[in-house]
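Protein sequences, first through last, are from chains S and U. Numbering-wise, the first sequence is residues 493 to 871 according to my numbering. Numbering-wise, the second sequence is residues 15 to 352 according to my numbering.
None of these hints come from the bench; they were simulated from the model. Check before you lean on any hint, since a few could be wrong.
[Said to hold, decoys possible] Derived pair list, reagent style DSSO-like, types lysine-lysine, alpha-carbon separation capped at 30 Å:
1) U:Lys154 to S:Lys606
2) S:Lys678 to U:Lys154
3) S:Lys863 to S:Lys746
4) S:Lys584 to S:Lys558
5) S:Lys746 to S:Lys775
6) U:Lys154 to S:Lys682
7) S:Lys815 to S:Lys584
8) S:Lys641 to U:Lys154
9) S:Lys579 to U:Lys154
10) U:Lys154 to S:Lys674
11) S:Lys641 to S:Lys733
12) S:Lys702 to U:Lys154
13) S:Lys707 to S:Lys746
14) S:Lys558 to S:Lys819
15) S:Lys725 to S:Lys859
16) S:Lys783 to S:Lys519
Just so it is clear, the structure is predicted and the values come from calculations on it, not from any experiment.
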Amino acid sequence: MRTLMIASALALGAALASQAFAADTIKLRDVAELSGGGATVGTNFKNGADLAVEEINAKGGILGHKIDLTHADTQSVPGIARAQVQKALDEKPYVLLGPGYSGSVKVVASLAAKAEIPEIIGGEAAELTQMGNPYLFRTSFGQQSTMPKVARYIHDDLKAKTVAVIWVNNDFGKGGRDTILKEFAKLGVKVVADQSTEAGQADFAADVAKMKEAKPDAAFIYLNEEESARILKEIKKQGLKLPLIGETTLVGQKVIDLAGDAAEGAMGHVGLTTDAPVPAIQKFRDAFKAKYNYVPDHNGIKGYLAIYVIKAVTEKMGKIDSKLFAKTLHGMTIKAADEPGILMDVTYDEHGDIDRQGFLVEVKNGKQVVKQILPKLGK
Amino acid sequence: MTGPRATTRTLWPWLIGLAGLVVLLVLPLGLARYGLYILSMWAVMTIAAIGLNLTLGYAGQVSLAQGAFVGIGAYAGAIATTNGLPFIAGLALAIVLCFVVGWLLGYPALRVQHHYLAFITLAFSTLAFLVFRNEEWLTKGIYGITDVPRPRIFGLSTDGPLAFYYFCLASLGLVSLATWWLIRSPWGRAFVALRENPVRALSLGVDTRRYTLIAFALGSVLGGIAGALYAPLVEFVDPTPFTLTLSFNLLMMVIVGGSGFFFGPFLGALISVLLPEWLRFAHGYYLMLYAIFVMALLAWSPTGILGIVQKLIADRRTRRASATRAAATATFTAEKSS
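Turn these sequences into a full structure, and let the hints steer you where they fit.
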C-alpha cells in the first residue's frame with residue numbers, strides 16, 4: 493500500500509514535471525536587417541530561420557520543447573541593432589541570432605558575451621571572430637578563409653599575373669578587398685586597378701572603362717547581387733573579354749536571372765549555394781520556394797542552418813544551457829548524416845569560425861556548374 | 015510664440031518642464047537595459063533636434079546637415095577618447111569643430127534661402143559622409159571605431175546603463191537651460207526677426223549677416239554635443255548612421271514636435287525614437303504605421319503637436335473673450351432698454 497502510494501506520488505510528480513517541462517518553450521531571438529540597406533540579407537535570414545523552426549516544431553521541437561523565435565528589425569543601423577539586442581537579451585533568450593551586418597555585430601557582440609548568451613551571426617567580415625569572443629559563432633565562411641582560395645585559383649589555375657579588383661564600399665566589400673589584396677601580395681599577383689563602387693550604384697560604364705584601360709589578366713568582382721548583374725552587363729557591352737572571378741554574390745541565381753547571358757563564364761567561390769549538387773540543399777531550396785515563392789540566396793541558408801546548429805548542439809548536450817552551448821559548439825563537428833537539417837558536414841573551431849566544403853562554380857548556359865569541389869580544410 | 019506677458023502664462027512651461035523632469039528621473043529606475051538605452055537615445059537626439067530647432071525653428075534657415083554635425087561630433091569624441099584623451103576634451107573638440115564648420119556652412123545661407131539652402135546643406139551632408147567613410151587614416155573608414163569608452167564624471171564611472179542615462183539627461187538639462195536663456199536673450203529675438211522678416215530686421219539695425227552665421231554655428235554645436243554623447247552611448251562609431259536619413263529624421267523631429275516651439279524637439283524626438291519601438295508589435299508593418307501616423311499628423315496640423323496645443327489654447331481664449339464680449343453687450347443693451 494505504502495509503496496503504491498509512493499509510486500503513484502512519484503508518477504504524479506513525474507507527470508507534472510514533464511508537463512511543466514514540455515510547456516516551456518526554447519526562446520530564440522533574432523535581430524536582423526529587415527529594412528534599410530540590408531533588407532535582402534535580413535529577410536532571407538529570417539525566412540530561412542522560420543522555415544527551420546516550422547520543420548522542427550512540426551516534429552515536436554528540440555528535446556520536446558517547441559521553439560519560440562521572434563525577429564526584430566535593426567533598420568540596418570548599428571545604434572538600433574544595439575537597442576534591439578539589448579531588448580532581446582533582457583528577455584534572456586537561449587541563443588541570439590543575427591545581426592547580419594558586420595558593423596552591427598561589432599556593436600552587439602560584447603553585450604551578448606557579457607550576458608553569457610551565444611550569438612550566431614550572419615556577418616562575414618574577417619575580424620569578427622578575431623576579437624576573442626567565446627560566444628560568437630558564424631554560419632558561413634569568414635572572408636579570411638574564402639579569399640585565400642579565390643586568390644590561389646586566380647594565380648594557379650588562371651595563371652593571371654595582373655588583376656583588377658572591383659569592390660563595393662561597405663564593410664562587406666571593403667573587408668573582402670583588404671583580405672584578398674594581402675593574398676595577392678603574397679602570391680605576387682599585381683593589382684593594376686583597385687576600384688571602389690557604391691552600394692546601389694546603377695551605372696558602371698566608367699568603372700569598366702577604367703578596368704579596360706588597365707588591361708588586367710583577370711578581374712575580381714566583389715559587389716552585391718544587383719550591382720554584380722549591372723557590371724556584368726556593362727562588361728559585355730564594352731566587349732571586354734577576360735576571366736571574371738568573384739564570390740557567391742557574382743554567380744548567384746539572382747545575378748544570372750538579372751544579367752542574362754552577360755553572366756556566362758563568370759566564376760566564383762561559393763560556400764553556401766542553393767545550386768550546390770547536394771540533395772539536402774536541393775530539398776531545402778524546394779521547401780523554401782514552396783513556402784515563400786522565391787529562391788533564397790545564401791543568407792536564407794544561413795538562417796536555416798543557424799536553427800539546426802542550435803538543435804544539434806542542444807541534442808548533444810541533452811539539456812538547455814546557454815553557457816554550456818558555447819563550450820560544446822567550439823570544436824564540434826555536425827554531420828549531415830546525423831542531422832539532415834545541417835545540409836553539409838560542418839566543423840566549428842575555437843574561434844567560432846566554420847569549416848565546410850566549398851565549391852568553385854562557373855556560369856554555363858544560365859546555370860551554376862560546379863568546376864571544383866574544395867574540400868574541408870581540416871581534412 | 016507667446017511673449018512673457020502674464021505671469022501665469024510664463025509659469026506653465028516651467029511646471030510642464032518640472033513634471034517632465036520628475037518623470038525622467040524616476041521612470042528609468044524600473045526599466046531594463048533596453049528601456050534605458052532607448053531613453054538615453056531620446057536624450058541625445060533631443061539635443062541634436064534642439065540645435066536644429068534653433069537654426070530652423072527660430073532663425074528660419076532650412077538645414078539638412080544636422081545629421082552630419084552629429085557625425086562630426088561623434089567622430090571627434092570617439093577619436094579623442096579612444097586615443098586616451100578624457101571625454102571633456104572630445105566634447106570640446108566636437109564643439110569647436112562644429113562651431114567652425116557650422117559657421118562656414120552659414121555663408122551660403124547668406125546668398126540662398128529655403129529649398130536652395132536645403133540643397134546646399136544636403137550636399138554638405140553627403141560630403142561629410144564620404145569623409146567619414148573614405149578618410150581611413152582618421153576615421154578607420156567603413157570598419158568604424160570600436161570600444162569608445164564611456165566617460166568618468168567627477169571620478170564616477172558612467173559604464174552602467176543607468177549612470178549613462180543620467181549623464182545624458184544631465185547634458186540635456188544643461189543644453190535646455192542654455193537654449194532657454196538664449197532664445198530669451200537679444201540673440202534669440204534677433205533670430206526670430208531673421209525668420210519673420212529679414213529685410214525689416216536689417217532696417218531695424220539687426221546685423222542679419224552675423225546672426226545667420228551664429229544661428230548656423232550654434233545649431234551645429236548642439237548637433238556636435240549630441241554626437242559626442244552618441245559615440246559613448248553606442249560605444250561604436252561608423253559612417254552608416256550619419257547619412258542623409260539622420261538629417262531628415264532630425265528635421266522631422268523638429269517639424270513634428272512643432273518648429274519654433276521650445277518643447278517641440280523634446281516631443282518630436284520622443285515620437286521619432288519611441289514610437290517606432292512601441293509600434294513593433296505590428297512586426298513588418300511598424301515603419302509603415304509610423305509613416306502613416308506622421309503624415310496624418312502633419313496633414314492635420316502642419317505646425318506639429320505643439321501647434322495643435324497652441325491652437326486649442328488660442329481657441330479657448332477666443333471663446334472666453336467672445337463670451338465676455340457677449341456678456342458685456344448684453345448688460346449694455348439691458349441698461350439701454352431700462
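Does the alpha-carbon distance linking Lys584 of chain S and Lys558 of chain S stay inside the 30 Å limit? holds (16 Å)
Under the criterion that the straight-line Cα-Cα distance not exceed 30 Å, is the pair Lys558 of chain S, Lys819 of chain S satisfied? Measuring from Cα to Cα gives roughly 23 Å; hence the hint holds.
Between the alpha carbons of Lys702 of chain S and Lys154 of chain U, is the straight-line distance 30 Å or under? Holds - the C-alpha atoms of Lys154 of chain U and Lys702 of chain S are around 27 Å apart, at most 30 Å.
Does Lys641 of chain S pair with Lys154 of chain U here, judged by a C-alpha cut-off of 30 Å? holds (27 Å)
Against the 30 Å threshold, does the CA-CA distance of Lys725 of chain S and Lys859 of chain S hold or violate the hint? holds (17 Å)
For a C-alpha distance cap of 30 Å, please report whether Lys707 of chain S and Lys746 of chain S respect it. Status holds; Cα separation ~29 Å.
For the pair we were handed, Lys154 of chain U and Lys606 of chain S, check the Cα-Cα distance against 30 Å. OK: Lys154 of chain U and Lys606 of chain S at ~26 Å, within 30 Å.
For Lys154 of chain U and Lys682 of chain S, compute the direct alpha-carbon distance and say whether it is at most 30 Å. Holds, because 25 Å separates the two Cα atoms, which is no more than 30 Å.
Would the hint linking Lys641 of chain S and Lys733 of chain S be met if the CA-CA limit is 30 Å? Holds, at roughly 23 Å.
Need the status of pair Lys815 of chain S, Lys584 of chain S: alpha-carbon distance at most 30 Å? holds (12 Å)
Is the Cα-Cα distance between Lys783 of chain S and Lys519 of chain S 30 Å or less? Given pair Lys783 of chain S, Lys519 of chain S holds - Cα atoms ~23 Å apart, limit 30 Å.
Satisfaction of hint between Lys154 of chain U and Lys678 of chain S, Cα-Cα up to 30 Å: This hinted pair holds, its Cα atoms lying about 24 Å apart.
Comparing the model with each numbered hint stated earlier shows that all of them hold.
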